[in-house]
Amino acid sequence: MDLRILAIAAKDIKILVRDRQAFAMLLAMPIMLIVILSFALQSTFEEEPLAFDLPVIDYDEGAPSQRLIELLHETDGVTTLAKPATTEANLREQVRDGDYPAALIIPKGFAARIDGGETAKLSVLIDFGEAVSGSVASTVVDRAAQQLIADDLPLGRAAISVATEGATSGGSREPDVYEQNVPGFAILAGFFMTMFVAGSILAEKFLGTFRRLMATPVTRSQVLLGKVLGAFAVGFVQMMLLFAFGYVVFGLSLGSQPFGIVLVTLGVVSAATGLGVLIAGFARTDQQATAFGVLIVLTMAALGGSMVPRFIMPDTMQTIALITPHAWAIDGYHEIIVQRKGLLSVLPHTAALLTFAAIFFSIGAWCFTYRMTPD
Amino acid sequence: MSDETLTTSEQVISARPGAAIVEVRDLHKHYGPFQAVGGVTFDISEGEIFGLLGPNGAGKTTTISMLATLLPPTEGNATIAGFDVVRDARKVKELIGLVPQDIALYLQLSARDNLEFFGRMYGLSGALLRQRIEEALAVIELGPWANIPVGGYSGGMMRRANLAVGLLHKPRVLFLDEPTVGVDPQSRNHIFESILRLNREEGVTIIYTTHYMEEAQSLCHRVGIIDHGRLIAMDTPRNLINEIGTGVIHVTLEQDGSGLVDPLAALQPVQRVTWNEGILAVHTRDAQAALVPIIEQLNSRNLRIVHFEILEPNLENVFLQLTGKKLRE
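If you read the sequences in order, they're chains A and B. Take the numbering used here: the final residue in the first sequence is number 378, and no numbers are missing along the way. Take the numbering used here: the final residue in the second sequence is number 332, and no numbers are missing along the way.
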């Protein structure tokens, strides 16, 4: 990487980090929005109390397994189907198809291993498409197993481990309040970087530093790339911190492939910085850039599902929303966080975001070259 | 110009300029029908302090911008150390330093941070960059303020920091565009001393634009006077004053002196006469020659003289003579 570009990026980062208003806008404000709106809207997103059927295939049919099934049956909301008229293969298929959120397999030798003081294993099949139910089922089985050990087995002689096996039904569920608000407001905040990029480019012109830079052996392209790189780095760290906040404070799941979140974030920050260059290309003053930026960013956030979940919008609106990078971004995050899909599932969303970035940046860079003169 | 020691009205400048380092030939800059610079031609010798004088909007900054590769000329050409400012712009940028008229610094960063950043733009790094930063800071003597954000500086300190950035890479040619505008006398003196030291000790060629004539008169080996985009005179300040300068005699009277305007204007060494607020201002071709006839006229009318003063001819008068207007108009 060109050292001059890195120096320009480092200088912009230093200026931004020292700017308390920027800190408030980029981190404090989205955190406040996430906290307040998540608590305020919790009931809107809440589902009915969870109740589900839990098919059990008991290959052992010993006393401990029978007691375990009884304990499970006594758990609120759980109806055990102790002798389902099916094979394990069929049951796996039914879970995969979403017929059951979970199923329990008690392997042969379960009682013998307990008697022998070894660790006995249980398998819980869950549908990753019904992640919450699956997770609850796994927890319920684990608690019942611990209770079995505590109440009915000789102290300290045996242990039971519960392994979870996943299957994906292909069905989808809607996000809970944190799964909606954390990525939603992270995207909104990520796009606030737009104003900083535009303001920073225009400030160079009005401070006279662009004129001075142009008298040094640095090119316009290096200046522009340095500014974009600095904003990109800050935007990326900002969004990752917001996801970390969601993970630590609200227990937000990062899905089975957290790197998918990184991929989508790279796309979001690229689109946001590209939009900043575009606004700088059209605005004549810092104030104009801020006014344009706020208007565009808030409109796109509202339309794109950052502030209001898209699933409650009419179908037409949901389709129209796809003209915004925000909609692609939030869909991408939900693929990982809510639907627990793999990396491949976010590639179209990342590609769409990078396309937005390329269009914004190309037009903005053309305007920059045409309009940013050092005289 | 000769390379002998030059004497100005206020001080002696001992730099010994050498061969031409800046060559400007018929340089034009047009913005549509508006002609900002209309064909200037001049040479500047290595080690010279050259003043480009003119009122606001005369074309000084546009000329400097073309020489500093910031603006392409519409016509004509210019070279710095033999490198064309258009074709060899990158090479020229390595040889020049620009101290713009505005405070072109990042106000959130300290002077040291600004120096480090612009040093990197000139390709400096590591120990060399640190050394150059210390040298530049030593020139402007900011002391502990060097580590405080520039936004908290006084106007004079900002100007000094603005100057330091232009010195970092030890340029052979330094463009100073109105470097003392809005500066307190102490900082102004400091900037003057820094400029003279750079010129004397490091042989830096300095191109200095200003509309303060007294600055040009005390600092510059030669000055070019520019008006409406054209260079209308160029020589040492002393020669310009000697050739076309005038002496002005101010006479303060107790009585009304308006009746003296026409008789005095008719005297042979007198150019023009004004009466304003009790003061008779007599502009002469030769103040000494005009002295006796003026006093005779006053005595013949029995007018009581309160104050009598002969003003030293200066560049301000030269500019007035050449353009018919004052520099700050």
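Source of the hints: derived by calculation from the structure; they are not laboratory data. C-beta: ideal position from N, C-alpha, C; glycine also. Possibly wrong hints are sitting among the right ones.
Unchecked claim - Pulled from the structure, derived: some chain A residues nowhere near chain B, Cβ distances all over 12 angstroms:
#	residue
1	E96
2	R99
3	T212
4	Y250
5	P317
What the hints assert, rightly or not - Facing chain A, from chain B, some residues (calculated, C-beta under 8 angstroms):
#	residue
6	A107
7	L112
8	Y125
9	G126
Hint check:
For A/E96, the non-interface assignment is confirmed: its Cβ lies about 63 angstroms from the closest Cβ of chain B, beyond the 12 angstroms cut-off. Residue placement check: A/R99 keeps its beta carbon more than 12 angstroms from all beta carbons of chain B (closest about 57 angstroms). The Cβ of A/T212 sits about 5 angstroms from the closest Cβ of chain B, inside the 12 angstroms cut-off, so the non-interface label is violated. Distance check for A/Y250 against chain B: the nearest CB is about 32 angstroms away, which clears 12 angstroms, and the non-interface claim stands.
For A/P317, the requirement that its beta carbon stay farther than 12 angstroms from each beta carbon of chain B is met, with the minimum near 46 angstroms. A cut of 8 angstroms between beta carbons decides the hint on B/A107: the least distance to chain A is about 4 angstroms, and the hint holds. Nearest Cβ of chain A to the Cβ of B/L112: about 7 angstroms, under the 8 angstroms cut. The hint holds. With 8 angstroms as the threshold, the beta carbon of B/Y125 comes within range of chain A, its nearest partner Cβ sitting at about 6 angstroms, so the hint holds.
Taking 8 angstroms as the C-beta cut-off, the interface hint given for B/G126 holds, the closest approach to chain A being about 7 angstroms.
The structure fails to meet hint 3 from the earlier list, while all remaining hints are met.
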